[in-house]
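Trainee: Sequence:
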Amino acid sequence: MSTKTKVAIIGSGNIGTDLMIKVIRTAKHLEMGAMVGIDPDSDGLARAKRMGVPTTHEGVEGLLKLPNFDEIEIVFDATSAKAHVHNAEILQPLGKRMIDLTPAAIGPYVVPAVNLGENQDAQNVNMVTCGGQATIPVVAAVSRVAPVAYAEIVASIASKSAGPGTRANIDEFTETTSEAIEKVGGAERGKAIIILNPAEPPLIMRDTVYCLVKADDPTIHEEIKLSVDKMIDEVASYVPGYRLKQKVQVTEIDENRPVDTLLDDDIADDDKPTHQVSVFLEVEGAAHYLPAYAGNLDIMTSAGLQVAERIAAGKTVPAGSQAQEA
1 MSTKTKVAII GSGNIGTDLM IKVIRTAKHL EMGAMVGIDP DSDGLARAKR MGVPTTHEGV
61 EGLLKLPNFD EIEIVFDATS AKAHVHNAEI LQPLGKRMID LTPAAIGPYV VPAVNLGENQ
121 DAQNVNMVTC GGQATIPVVA AVSRVAPVAY AEIVASIASK SAGPGTRANI DEFTETTSEA
181 IEKVGGAERG KAIIILNPAE PPLIMRDTVY CLVKADDPTI HEEIKLSVDK MIDEVASYVP
241 GYRLKQKVQV TEIDENRPVD TLLDDDIADD DKPTHQVSVF LEVEGAAHYL PAYAGNLDIM
301 TSAGLQVAER IAAGKTVPAG SQAQEA
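Under the working numbering, the first residue of the sequence shown carries the number 1, and numbering increases by one thereafter.
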């Protein structure tokens, strides 16, 4: 008899299908209990059937009808922000733990390398966005060394890796990511930008992070660089394709060069940022189901899987500590 935790995935599109394959191939504490969709002809449902996973094309209502529904403990939602609200209203009262891969943000934002421990018992956790999963760890790493007055992230993804769900949730992406930069990353103010790059051949996901800090002491510069390097290793422990494109840069802000940010104009001179931290990232996908350039989708499924593995393992991760693979 299996002692693994059964999970269901709602959403048989790219993200849901990639997540299913990750569960089947790589999970230590999880096993598939159901794949749920609304398109009976979707490739995700077809693959699930071939792999022996129970399926339904009747959405969350169909999930309730499956014979093994009571055995399912964790439900991943890879649909849309609007659909997740409906799904959560049905499943949470039935005691199902939910991992939300949409920008709905009903539950607390979770970035595994940053704050998994303090939210591990939440009934519904939100995985922010692909850009958030890639960049918020960097903002958090900087904020552990010096207060971040302002953080701005730019996520550039291949247009081919942005499906209908991503395109329909662009506004939610910017709003959710900006808020999480502040709440999880620790920045006083945050801003998020997403770029859909139509280049051919498609480019791997690239992310740029800018943080404005007060760091007159040169020793702080080295501490920032070390903190970011350590965080990169932590994220890479569950997203192997996550890496720096070049060394972390800490540069002085020229007082003659205007800095156009969301900072208050009347901020006291003594509190004004003196340096800009620039971090350039690349996220290559594992190519379990999606092409390697779709790192934006891979980092979401990898982060969601990490959370579920920790829940299933029943281990507590101290807040801010390394989210090592269980």
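There's no promise every hint is true.
With a cut-off of at most 25 Å between alpha-carbon atoms, the simulated DSS-like pairs for lysine-lysine come out as follows [unchecked claim]:
| id | residue 1 | residue 2 |
| --- | --- | --- |
| 1 | 225 | 183 |
| 2 | 160 | 245 |
| 3 | 191 | 272 |
| 4 | 49 | 65 |
| 5 | 22 | 49 |
Just the calculated beta-carbon pair ranges, DEER-fashion [to be verified]:
| id | residue 1 | residue 2 | range |
| --- | --- | --- | --- |
| 6 | 247 | 31 | 38 to 44 Å |
| 7 | 40 | 280 | 29 to 35 Å |
| 8 | 123 | 245 | 36 to 42 Å |
Source of the hints: derived by calculation from the structure; they are not laboratory data.
Ideal placement from N, C-alpha and C gives every residue a C-beta, glycine not left out.
Trainee: Within a Cα-Cα threshold of 25 Å, do residue 22 and residue 49 meet the stated pairing?
Mentor: 16 Å, holds
Trainee: Does the alpha-carbon distance linking residue 49 and residue 65 stay inside the 25 Å limit?
Mentor: The given pair, whose Cα atoms are some 17 Å apart, holds under the 25 Å limit.
Trainee: Does the structure keep residue 225 and residue 183 at a Cα separation of 25 Å or less?
Mentor: 22 Å, holds
Trainee: For residue 123 and residue 245, compare the CB-CB distance with the range 36 to 42 Å and indicate the outcome.
Mentor: Check passed, 38 Å falls within 36 to 42 Å.
Trainee: Does the Cβ distance between residue 40 and residue 280 fall inside 29 to 35 Å?
Mentor: 43 Å, violated
Trainee: Between residue 160 and residue 245, is the straight-line Cα distance small enough, at 25 Å or below?
Mentor: Distance of about 22 Å is within 25 Å: holds.
Trainee: Below or equal to 25 Å on CA atoms is what counts here, so check residue 191 against residue 272.
Mentor: 18 Å, holds
Trainee: Residue 247 and residue 31, beta-carbon distance inside 38 to 44 Å?
Mentor: Given about 42 Å between the Cβ atoms, the range holds.
Checked against the numbered hints listed earlier, the structure breaks hint 7 alone; every other hint is satisfied.
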